[in-house]
Amino acid sequence: MSFSLHGRGLKLESAADIAPLLADIDPATLLEIHLGGNTFGVDAANALASFLERTQVLKVADFADIFTGRMISEIPPALTAICNALKDKTSLVEIDLSDNAFGGRSVEPMVPFLTHNHSFQILKLTNNGLGPAGGRVIADALRENALISRKAGNKSNLRVVICGRNRLEDGSAQAWADAFAEHGTLEDVRMPQNGIRMDGMIALAAGLKKNPGLRHIDFQDNTFTDDRKDTGVQAWAKAMASWPELGVLNLSDCVLSADEDDIPALLQTIAAGSNQKLHTLQLQNNNLGTTTFELLAKNVGDKMVNLVRLELQWNEVEDDDEHLENLSIALKARGGKLFVTDEDEEETEEEAKEVEEEPEQVDSDLKAVDKATDDLADLLAKVSVS
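Residue numbers for the sequence shown follow the working numbering, so the first one is 108 and each next one is one higher.
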């Protein structure tokens with residue numbers, strides 16, 4: 108059973124406000140709860156927590172965007188009530204607290220849950236204004252979670268961490284790296300737009316290397332090089348072979364190269380076949396030039412055999428670059444596509460929209476045929492043969 112108030116814009120202040128909404132919901136059978144797009148005061152959050160405590164099989168707790176318009180003094184007690192209610196839920200798989208303006212001052216209420224619940228597999232914390240200090244608190248709690256599991260002889264259940272747009276910066280990068288290394292079970296890590304620079308990316312490469320099951324990595328809009336030094340790129344080049352299951356890599360807007368004539372070591376490693384299952388490679392706006400395109404074109408056929416989506420927009424692209432043409436031909440031959448301009452992306456989105464609309468059109472056509480058949484049958488029924 109799933110319960111959703113998503114997007115209703117409710118301002119819930121008291122227990123009386125929320126009671127009618129939960130009255131017909133059996134907490135014993137509730138599997139998912141989605142409350143985003145509403146705003147909870149302290150008393151309403153306490154009432155919600157009492158309800159959550161009675162759940163027995165809850166798997167998904169979606170509390171993204173539930174504190175809009177709340178004063179900073181309201182958020183910690185409300186968040187404490189909700190997180191404490193979930194702390195011991197062994198059925199819980201996913202928790203989403205994105206789009207809540209915690210800031211570094213309001214993260215402590217999450218610590219008991221993040222430290223002591225060893226069942227959740229998916230953590231979503233995007234756009235919370237954590238900053239480096241808040242990021243360290245979250246990362247340290249996750250690391251402690253893994254240590255407790257290890258001491259008990261248990262393997263971590265954590266699989267997915269999504270923590271983008273939080274200004275984590277280098278100040279929290281090492282803490283995150285330590286947490287990732289301690290878990291070692293991650294399959295999906297997305298941390299875009301966090302202002303992490305080269306030293307932080309070096310630390311994260313070391314931590315993520317301990318997670319051989321990684322399938323999806325997204326660090327878009329962080330920085331791999333600094334003052335023409337590329338040690339961040341080199342660290343990630345050495346880490347690539349640690350992820351044999353990797354299918355998606357998003358490193359757009361990461362300053363992989365300071366000069367268009369340079370070929371980033373990271374891409375040399377990928378072109379040599381380090382990640383055979385890679386199917387999506389996003390490299391927009393990285394100062395890449397024709398020498399890099401040539402390397403990719405030469406190796407896409409036999410070293411990147413599963414690559415079907417390659418994004419190179421906003422690099423040093425010439426209209427008549429033969430290497431880009433060869434890349435496009437190779438990808439198209441296997442049903443894939445090269446993205447060089449924004450028009451390529453728009454074209455693909457339009458094609459996807461047409462595919463979605465096609466079943467609706469077919470359904471409409473079938474209904475028209477059915478109606479015509481029914482009309483004909485009615486007409487024949489009225490015809491008498493004399």
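Calculated from the structure, these hints are not laboratory results. Just so you know, not all the hints are guaranteed correct.
Said to hold, decoys possible - Once the Cα atoms are required to be at most 35 Å apart in a straight line, the calculated DSBU-like pairs of lysine-lysine come out as:
{"hint": "1", "residue 1": "K405", "residue 2": "K444"}
{"hint": "2", "residue 1": "K231", "residue 2": "K345"}
{"hint": "3", "residue 1": "K439", "residue 2": "K410"}
{"hint": "4", "residue 1": "K460", "residue 2": "K405"}
{"hint": "5", "residue 1": "K384", "residue 2": "K410"}
{"hint": "6", "residue 1": "K405", "residue 2": "K345"}
{"hint": "7", "residue 1": "K336", "residue 2": "K194"}
{"hint": "8", "residue 1": "K345", "residue 2": "K317"}
{"hint": "9", "residue 1": "K439", "residue 2": "K345"}
{"hint": "10", "residue 1": "K405", "residue 2": "K231"}
{"hint": "11", "residue 1": "K317", "residue 2": "K460"}
{"hint": "12", "residue 1": "K345", "residue 2": "K410"}
{"hint": "13", "residue 1": "K460", "residue 2": "K345"}
{"hint": "14", "residue 1": "K336", "residue 2": "K258"}
{"hint": "15", "residue 1": "K405", "residue 2": "K439"}
{"hint": "16", "residue 1": "K258", "residue 2": "K345"}
{"hint": "17", "residue 1": "K460", "residue 2": "K384"}
{"hint": "18", "residue 1": "K384", "residue 2": "K317"}
{"hint": "19", "residue 1": "K384", "residue 2": "K262"}
{"hint": "20", "residue 1": "K166", "residue 2": "K317"}
{"hint": "21", "residue 1": "K317", "residue 2": "K262"}
{"hint": "22", "residue 1": "K231", "residue 2": "K317"}
{"hint": "23", "residue 1": "K231", "residue 2": "K262"}
{"hint": "24", "residue 1": "K384", "residue 2": "K345"}
{"hint": "25", "residue 1": "K444", "residue 2": "K336"}
{"hint": "26", "residue 1": "K118", "residue 2": "K194"}
{"hint": "27", "residue 1": "K231", "residue 2": "K194"}
{"hint": "28", "residue 1": "K405", "residue 2": "K384"}
{"hint": "29", "residue 1": "K262", "residue 2": "K336"}
{"hint": "30", "residue 1": "K439", "residue 2": "K166"}
{"hint": "31", "residue 1": "K439", "residue 2": "K460"}
What the hints assert, rightly or not - Derived CB-CB ranges, DEER-like:
{"hint": "32", "residue 1": "L117", "residue 2": "K384", "range": "38 to 48 Å"}
{"hint": "33", "residue 1": "D124", "residue 2": "E367", "range": "18 to 28 Å"}
{"hint": "34", "residue 1": "S226", "residue 2": "G320", "range": "43 to 53 Å"}
{"hint": "35", "residue 1": "S109", "residue 2": "D426", "range": "33 to 43 Å"}
{"hint": "36", "residue 1": "P319", "residue 2": "T398", "range": "29 to 39 Å"}
{"hint": "37", "residue 1": "N261", "residue 2": "I436", "range": "23 to 33 Å"}
{"hint": "38", "residue 1": "L117", "residue 2": "D409", "range": "54 to 64 Å"}
{"hint": "39", "residue 1": "Q163", "residue 2": "A122", "range": "44 to 54 Å"}
{"hint": "40", "residue 1": "R441", "residue 2": "N261", "range": "40 to 50 Å"}
Yeah, the Cβ is synthetic: ideal placement off N, Cα and C, and Gly gets one too.
Hint check:
| no. | hint | in the structure |
| --- | --- | --- |
| 1 | K405 to K444 | holds (16 Å) |
| 2 | K231 to K345 | holds (28 Å) |
| 3 | K439 to K410 | holds (16 Å) |
| 4 | K460 to K405 | holds (33 Å) |
| 5 | K384 to K410 | holds (10 Å) |
| 6 | K405 to K345 | holds (21 Å) |
| 7 | K336 to K194 | violated (44 Å) |
| 8 | K345 to K317 | holds (13 Å) |
| 9 | K439 to K345 | holds (30 Å) |
| 10 | K405 to K231 | violated (39 Å) |
| 11 | K317 to K460 | violated (39 Å) |
| 12 | K345 to K410 | holds (17 Å) |
| 13 | K460 to K345 | violated (39 Å) |
| 14 | K336 to K258 | violated (40 Å) |
| 15 | K405 to K439 | holds (15 Å) |
| 16 | K258 to K345 | holds (30 Å) |
| 17 | K460 to K384 | holds (27 Å) |
| 18 | K384 to K317 | holds (18 Å) |
| 19 | K384 to K262 | holds (25 Å) |
| 20 | K166 to K317 | holds (27 Å) |
| 21 | K317 to K262 | holds (14 Å) |
| 22 | K231 to K317 | holds (21 Å) |
| 23 | K231 to K262 | holds (21 Å) |
| 24 | K384 to K345 | holds (17 Å) |
| 25 | K444 to K336 | holds (32 Å) |
| 26 | K118 to K194 | holds (26 Å) |
| 27 | K231 to K194 | holds (16 Å) |
| 28 | K405 to K384 | holds (18 Å) |
| 29 | K262 to K336 | violated (38 Å) |
| 30 | K439 to K166 | violated (40 Å) |
| 31 | K439 to K460 | holds (20 Å) |
| 32 | L117 to K384: 38 to 48 Å | holds (44 Å) |
| 33 | D124 to E367: 18 to 28 Å | violated (58 Å) |
| 34 | S226 to G320: 43 to 53 Å | violated (18 Å) |
| 35 | S109 to D426: 33 to 43 Å | violated (50 Å) |
| 36 | P319 to T398: 29 to 39 Å | holds (31 Å) |
| 37 | N261 to I436: 23 to 33 Å | violated (50 Å) |
| 38 | L117 to D409: 54 to 64 Å | holds (57 Å) |
| 39 | Q163 to A122: 44 to 54 Å | violated (22 Å) |
| 40 | R441 to N261: 40 to 50 Å | holds (42 Å) |
Violated hints, in rising order: 7, 10, 11, 13, 14, 29, 30, 33, 34, 35, 37 and 39; the structure is consistent with all others.
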